[in-house]
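> Just so you know, the protein sequences line up as chains A and B, in that order. Sequential numbering of the first sequence, starting at 812, is according to my numbering. Sequential numbering of the second sequence, starting at 9, is according to my numbering.
Calculated directly from the structure, the hints in this document are not laboratory data. Treat the hints with care, as some may be off.
[Stated by the list, open to error] Derived pair list, reagent style DSBU-like, types lysine-lysine, alpha-carbon separation capped at 35 Å: (1) Lys967(A) <-> Lys865(A); (2) Lys865(A) <-> Lys822(A); (3) Lys15(B) <-> Lys822(A); (4) Lys967(A) <-> Lys980(A); (5) Lys15(B) <-> Lys980(A).
[To be verified] Okay, the calculated bits of chain A under chain B, using three or more residues with CB under 8 Å as the criterion: (6) 821-833; (7) 874-888; (8) 964-978.
[To be verified] Examples of chain B residues toward chain A, derived with CB under 10 Å: (9) Glu20; (10) Glu25; (11) Met73; (12) Phe105.
Remember, predicted model here, so these are calculated numbers, not experimental data. All C-beta atoms, glycine included, are put in the ideal place defined by N, C-alpha and C.
Okay, here's what each chain looks like letter by letter:
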Amino acid sequence: MSSEVPIDAAKFRRLVETHQRMVFSIALRITAEPATAEEVAQDTFLELFRSAEKLTSGEHILFWLRRVTVHRATDALRRRLRRPESAAEEWVSEKHDVAALPDDASGVDAMTAAKIHDLLAALPEPNRVAVVLRYQEDMTPEEIARLLNQPLATVKSHLQRGLQLLRRKAAVALREYIR
Amino acid sequence: MKEHESKQSRGELAEFEQHLSGALRRVDPPSGFAERVIHRVVATPRTPSLFGLHFGWAGRRAVAMAAVALLVLAVWTAYGVHERREQARAARAESQFETAIAVTGRTLERVRLRLDGPGLLQRLSSASQGTVQK
């Protein structure tokens, strides 16, 4: 009957602590709303708890977490976009996001990071997902294609289009920060 | 000139990608996130198995076999019902055919009797003569 216990609590806690930044950040960048992102991240970990016995290695867990987070976040985004009051919520979430993004040592200040975060939120969903996985998770287009179960050419096209759109928007919004 | 422009454009793109990577770093979840997840895990009851019972590997196998047996029984019953319906339909069609054949036979018999009856040939020949005289 040992298979009835999916995973022990201590091991699960370690998994949550190891991957919470990744899961929450993917959810936040896709949904652009901290409350929804937390809900998505919690649901993802809950599903991990139930499915942990099927996951065979650390790499497998990482792959699974990224995939489930992306799917749950895009589902949440679609549900929100179908609601008429979504526009008002986006305005409120924008205020939260600026505060949620800390300064860092990578040469990009919090204000620029917050601006880019907002510009990202205006991208169409497939481009947004591809850009987040490429530039936040540092994944190659091949890895993204495998994760999303999409053809490589589609992923490359989403990435290229997403970058084009972001650059165009950034050229206007961040003239003083980015050339 | 074009090569120079393309190099510059590539350089700008690379710089923009650097900015993007810097801006899109992972962020911390709200404080207490891990605790909330653990709390939800503890609070959420496990999805009960069939009739609220938890089955081990052998139990799951038995349930799966019972399900397969039920499925086979259902298919077999459905097949039997279908067969009986088909047989009844065939019997109805056969009886209708026999009735039709009997009616046709009787009709043909009546026609034959009329053709064989006295006076018919005479009527036919007088009719044809009358047509020639006209």
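> Given Phe105(B) as an interface hint, is its Cβ closer than 10 Å to any Cβ of chain A?
This interface hint is violated because 59 Å lies over the 10 Å limit.
> Hint check: is the beta carbon of Glu20(B) less than 10 Å from a beta carbon of chain A?
Status holds, d = 6 Å.
> Taking beta carbons only, do three or more residues of the region 874-888 of chain A come closer than 8 Å to chain B?
violated (count 0)
> Between the alpha carbons of Lys967(A) and Lys865(A), is the straight-line distance 35 Å or under?
holds (31 Å)
> What's the verdict on Lys865(A) and Lys822(A), does the C-alpha distance respect the 35 Å limit or exceed it?
holds (15 Å)
> Taken at face value, is the distance from the CA of Lys822(A) to the CA of Lys15(B) at most 35 Å?
Violated: Lys15(B) and Lys822(A) sit about 50 Å apart, past 35 Å.
> Check the hint pairing Lys15(B) with Lys980(A) against an upper bound of 35 Å on the C-alpha distance.
holds (22 Å)
> Does the alpha-carbon distance linking Lys967(A) and Lys980(A) stay inside the 35 Å limit?
holds (20 Å)
> Are Glu25(B) and chain A close enough, Cβ to Cβ, to be under 10 Å, as the hint says?
It holds, given that the least Cβ distance between Glu25(B) and chain A is near 7 Å, below 10 Å.
> Are there three or more residues in the region 821-833 of chain A whose C-beta lies within less than 8 Å of some C-beta in chain B?
Per the Cβ count (7), the hint holds.
> Grab the minimum C-beta distance from Met73(B) to chain A and call the hint holds if it beats 10 Å, violated otherwise.
The hint is violated - Met73(B) has no Cβ within 10 Å of chain A, the shortest such distance being about 19 Å.
> Confirm or reject the coverage of the region 964-978 of chain A by chain B under the rule of 3 or more residues with a beta carbon closer than 8 Å to the chain's beta carbons.
holds (count 3)
Of the numbered hints listed earlier, those contradicted by the structure are 3, 7, 11 and 12.
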